[in-house]
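K.L.:
Letter by letter, the chains look like this.
Protein chains: 2
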Amino acid sequence: MITPAERQSTTPERFFNAINSYQLTEAIKSAVELDVFTAVTEGNETTATIARRCQASERGIRILCDFLTIHGFLTKQATIYSLAPDSALFLDRNSPAYVGSAIEFLLTPRLRECHAHLTEAVRQGGTVLGEGMLHPENPDWVKYARGMMPMARRPAEIIADELRKDGEARKVLDVAASHGMFGIAVATRNPAAHIYASDWGNVLEVAQKNADAMGVGDRYHLIPGSAFETDFGNGYDLALVTNLLHAFDPPTCTKLMHKVHVALSPGGRAAIVEYVPNPDRVSPPVAAAFSLTMLAATDSGDAYTFAERDSMSNAAGFARVELSPADLGRNRLLIAYR
Amino acid sequence: MITPAERQSTTPERFFNAINSYQLTEAIKSAVELDVFTAVTEGNETTATIARRCQASERGIRILCDFLTIHGFLTKQATIYSLAPDSALFLDRNSPAYVGSAIEFLLTPRLRECHAHLTEAVRQGGTVLGEGMLHPENPDWVKYARGMMPMARRPAEIIADELRKDGEARKVLDVAASHGMFGIAVATRNPAAHIYASDWGNVLEVAQKNADAMGVGDRYHLIPGSAFETDFGNGYDLALVTNLLHAFDPPTCTKLMHKVHVALSPGGRAAIVEYVPNPDRVSPPVAAAFSLTMLAATDSGDAYTFAERDSMSNAAGFARVELSPADLGRNRLLIAYR
Chain A
1 MITPAERQST TPERFFNAIN SYQLTEAIKS AVELDVFTAV TEGNETTATI
51 ARRCQASERG IRILCDFLTI HGFLTKQATI YSLAPDSALF LDRNSPAYVG
101 SAIEFLLTPR LRECHAHLTE AVRQGGTVLG EGMLHPENPD WVKYARGMMP
151 MARRPAEIIA DELRKDGEAR KVLDVAASHG MFGIAVATRN PAAHIYASDW
201 GNVLEVAQKN ADAMGVGDRY HLIPGSAFET DFGNGYDLAL VTNLLHAFDP
251 PTCTKLMHKV HVALSPGGRA AIVEYVPNPD RVSPPVAAAF SLTMLAATDS
301 GDAYTFAERD SMSNAAGFAR VELSPADLGR NRLLIAYR
Chain B
1 MITPAERQST TPERFFNAIN SYQLTEAIKS AVELDVFTAV TEGNETTATI
51 ARRCQASERG IRILCDFLTI HGFLTKQATI YSLAPDSALF LDRNSPAYVG
101 SAIEFLLTPR LRECHAHLTE AVRQGGTVLG EGMLHPENPD WVKYARGMMP
151 MARRPAEIIA DELRKDGEAR KVLDVAASHG MFGIAVATRN PAAHIYASDW
201 GNVLEVAQKN ADAMGVGDRY HLIPGSAFET DFGNGYDLAL VTNLLHAFDP
251 PTCTKLMHKV HVALSPGGRA AIVEYVPNPD RVSPPVAAAF SLTMLAATDS
301 GDAYTFAERD SMSNAAGFAR VELSPADLGR NRLLIAYR
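Going down the list, the protein sequences come from chains A and B. Per the working numbering, the first sequence starts with residue 1, numbered consecutively. Per the working numbering, the second sequence starts with residue 1, numbered consecutively.
Rough simulated footprint, nothing fancy, chain A against chain B, three-plus residues with beta-carbon under 8 Å:
#	segment
1	10-22
2	115-122
A short, non-exhaustive set of chain A residues, derived as facing chain B with CB atoms under 8 Å:
#	residue
3	T10
4	N20
5	E33
6	F67
7	L89
From the derived model, a few chain A residues whose C-beta atoms are all more than 10 Å from chain B:
#	residue
8	E42
9	N44
10	A48
11	N94
12	G130
13	M149
14	R164
15	N190
16	G215
17	L222
18	D231
19	P251
20	K255
21	H258
22	E308
23	N314
Treat the hints as calculated values from the structure; they're not laboratory data. Don't be surprised by glycine CBs; every beta carbon is placed ideally from N, CA and C.
Chain A on its own, in the form it takes in the complex:
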């Protein structure tokens, strides 16, 4: 299989880099926690001035900033550090596009612990930590709602605009509303729209605050509790099912989609936002790789292909499902028609 020439030139570097890749996680986390990127934006460009601004040691800042330079998040000319364009846009705390808050959820100890038990999860076929991330009122979902909100704003706007093309929705169900951004984007575009947000009670406090802050609080209604158990009511033109279904196996997805189907009016639509890997399940990389998190953190969740989502939606009673070409970054928008 391996030629002598290949053997000669092949090194174990990729393996060692992979083994050590957790160090990049820690370095980015530390840089966000210490606000290094904000410090550099403010004009602190040397280890001495960054260290003073970040209340850290000069030695620690020098080593951290060199590491961030090696990985391309900073650049270094002699002893002067600058921000890479994406660091300037997304990691400066004063940038409107700041996403550093995402570490609150993405690196929450429970999720790290789930991955730390990956070997057992592979053996067993699902999380070995009880319900994984899915126990009722898990405070990590409050972290999600707070930390991931900035990342949802732009996709929420794109989706709301996309959905309006087929007509305004007046009564909207937001299943697993989280920060509420997806429903709120619909409400801000249509003054006649009322949003009914379903999620754990602790999470809905965040959504209601966001709805109030964006001036739609009086048209924002809460359905606290498990999406599988609460009464959604009915007569909805539109249901939003965003970043939720990946946590469950196909029968459970079908069950929930059926509950959504029943809640919709004739002519109603469900907008599903999800990671959608290609049928090969190894592309596109981010969507396909998300399966690993579902293996580590849930019993039987997964990143499902379009064909699988289509099949589950059909089984739930939907007439057809369309994959929207809208560019949401990591996720895709699917529209299921009642």
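Given chain A's structure and the hints, the job is docking chain B onto it.
P.N.:
Frame of chain A; chain B shown alone:
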């Protein structure tokens, strides 16, 4: 600083990938622990057969193997997985070049914990976990000696061959001998050579076993204890100081190099094996990045440039230091002449 066009095309993907990069660490660790690469080498190429061989769930293996494919360690054609050339060479347990044992040390919990406290380490300028990795008889160094031995074999041979060009050494001091491979390589080339190995007692058991296995055990002598406190004796032609000095600050390095200098005969040499970053401290990437581990895991260790090593060796009494062009992979060989 950022043009509107750049802003448009700039995404936070690199940030999210960096945040999640710990998942690659966990996936590679699981694959090694479950022996996935060995299973595929043996002809198990589908999720069903790999799962049976690895005593794991089919769902877990499918998700893990897809993740490894996304990261290039496997390839996938329809439902058939194959090994990338470097995976075949280094991660199949039956390959003579197998390096999977490295996870025992590189991912030892103590080291992970040091990095998990990186933010505090940056604030403080060194490890916040007491002596970090450097407490006496730390069993992690036994893991190092066992796990890193395969990686040391080839560099040890290259170094031994390189050093012979200047004449055979008869009395050799191996400071921080660990697995012993560097001294053993000298002994196997010169039947007149005697090796005096210094390291913690628990580590030297591994070195002695390796020396016995390679037929040089009767010329292998042990100096158990801290390299800073034990009596090295004197009259050495050659001292090996491999992968040790990075753990200390310059005055401590100078102190140890002075102790080595005193132990050498006139005309003796010290061979130093180390990460040697360029003066910019951000290249080459692996050598430069090693500073972060020293920040997290030691009080004041670092990856030192050639100029810094030269200066410490001179202060310790050495006449001159040469940087060998020998290709050792991640490390460099420096020769300090008494």
